[in-house]
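Trainee: So the sequences go chain by chain: A and B.
full-length UniProt numbering numbers the first residue of the first sequence as 1 and each following residue consecutively.
full-length UniProt numbering numbers the first residue of the second sequence as 1 and each following residue consecutively.
These are computed hints drawn from the structure, not numbers from a lab.
C-beta atoms are modelled at their ideal positions from N, C-alpha and C, and glycine is treated no differently.
Please note that a few of the clues may not be correct.
Counterexamples of contact, computed for chain A against chain B with all Cβ distances above 10 Å [claimed, not checked]: (1) Pro-25; (2) Ala-37; (3) Arg-43; (4) Leu-117; (5) Arg-150; (6) Met-183; (7) Ala-237.
What follows is a list of derived Cβ distance ranges for each label pair [what the hints assert, rightly or not]: (8) B:Val-49 <-> A:Glu-205: 23 to 31 Å; (9) B:Gly-46 <-> A:Ala-237: 19 to 27 Å; (10) A:Val-233 <-> B:Pro-188: 52 to 60 Å; (11) A:Ala-69 <-> B:Gln-238: 23 to 31 Å; (12) A:Ala-240 <-> B:Pro-34: 46 to 54 Å; (13) B:Pro-25 <-> A:Asp-243: 44 to 52 Å.
Derived coverage of chain B by chain A (criterion: at least 3 residues anywhere in the stretch with Cβ under 8 Å from a Cβ of chain A; other residues may be distant) [stated by the list, open to error]: (14) 72 to 85; (15) 136 to 145.
Protein chains: 2
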Amino acid sequence: MSPLPSVLIFGFGAFGRLIASAVSPHLAVAVSDPDPAAQAQARLLGHAVVGPQQAGRFDVVVLAVPVPALGECLHRLAPHLRAGQVVTDVCSVKQGPAGLMAQILPAGVQILASHPLFGPQSMPAGVAGGRVVLCPVRGTGWRRIAAFLRRVLGLKVIVTTPEEHDRQAALTQGLTHLLARAMAGFQPHPLIRTRSFDLLAEALEMVAADAPEVFDAVTCGNPHVSVIRDRFVQLLAQPALPDAGQGGDIRA
Amino acid sequence: MSPLPSVLIFGFGAFGRLIASAVSPHLAVAVSDPDPAAQAQARLLGHAVVGPQQAGRFDVVVLAVPVPALGECLHRLAPHLRAGQVVTDVCSVKQGPAGLMAQILPAGVQILASHPLFGPQSMPAGVAGGRVVLCPVRGTGWRRIAAFLRRVLGLKVIVTTPEEHDRQAALTQGLTHLLARAMAGFQPHPLIRTRSFDLLAEALEMVAADAPEVFDAVTCGNPHVSVIRDRFVQLLAQPALPDAGQGGDIRA
């Protein structure tokens, strides 16, 4: 092990870059990404760039890839990992990714499923004060990471199971994305609107701007969303309303 | 007519007080309210307090009462009004109240249905910059009022029909209130949540804090909400989602 704990960030998209910028003042950071443009940008920012076959050299490997790419990424890295390393993902759902990691990664490799509840858009000024969910799957190496995230990066750390994460996120992410998609069907918004509608639209547009694979992951990829949606629709159906044919009488 | 145009504010609740404070620097304001506590507060704020039988003395009568109280209030005032006066309401829906005013107020009394798209909560620092919808129903006296609202109070004035108002407000008010009521069924909110969910919850809680009669008025009292809700539910039902029994596989 190098004197400073070392981290390999696999995937140098928007989230990979956010992680690199947050941890590089404190840890030895290297980047792996098959895309030459991403490699060039990583070098420009002063990070070492390595191939997946060197993944065994690092204390921690962070998989900063979207949910649909996770399986392939794990298969690619698995032969190069060694016992004792901690592998963590940053996907928006946790049951599926935690299951995949446990299934594909060799025994001895420690596994920590994680979900940072923030992103480059919501935390433009840095990650301190943000919340991150940690779901320990295999090994105890996650404790040292939790302490680092809490004490050094100033994050609020929530430790739970993948299932409990997805149960809670079914409302806060899954339903929110479904509401955003439904509301997008009413564009352009009418001129006659109140401040509370403006705030609502703003919140939903923030979510609607997410990549389509995020929508798919937090809705179709979370097995608890279906129940939440059914209950929400049921609540939305109350009270009974007069239809337009009945005219504009006051019924209040 | 008095040298300064005179206004009677009928109903000295939160909204009546907001109107009184906005217009009293510019117009002669009097207040009418059957409640002795409201009368005392009006006097404390320096407003003349009069009975409904004196309503004929004023150039403009503003009915600052909730939708369910409007009919009774109109019947009470009608015998005391005179030709040429302008009567305006401030209800959150417009088809019902406009119809009631046209039906109950004597011919010759001018009618302007109005909906200020702000309230004491959303505009704590004053009304300038707020939006108000005007729906002229009878007479041309509304033009002078529109000019006053625009030039003197700094409001943005939207002139339209009661039906068009309710059509637009079915989405921006009616649906928003239905979403707020449905979301209230999921309290307390999970700890695992993102910034966009916090914003969404904040917007909906703003609406959920409205009085129950506001909810009834903007949902049951607006004949266009039913169609909007049906369409929203239809959009919300897409895409098909796996149910919890299928486990946590990745389907993205």
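Trainee: Now tell me, hint by hint, if it's right for this structure.
Mentor: Hint check:
| no. | hint | result |
| --- | --- | --- |
| 1 | Pro-25 | holds, 24 Å |
| 2 | Ala-37 | holds, 24 Å |
| 3 | Arg-43 | holds, 31 Å |
| 4 | Leu-117 | violated, 5 Å |
| 5 | Arg-150 | holds, 16 Å |
| 6 | Met-183 | violated, 8 Å |
| 7 | Ala-237 | violated, 7 Å |
| 8 | B:Val-49 <-> A:Glu-205: 23 to 31 Å | violated, 47 Å |
| 9 | B:Gly-46 <-> A:Ala-237: 19 to 27 Å | violated, 49 Å |
| 10 | A:Val-233 <-> B:Pro-188: 52 to 60 Å | violated, 21 Å |
| 11 | A:Ala-69 <-> B:Gln-238: 23 to 31 Å | holds, 25 Å |
| 12 | A:Ala-240 <-> B:Pro-34: 46 to 54 Å | violated, 33 Å |
| 13 | B:Pro-25 <-> A:Asp-243: 44 to 52 Å | holds, 45 Å |
| 14 | 72 to 85 | violated (count 0) |
| 15 | 136 to 145 | violated (count 0) |
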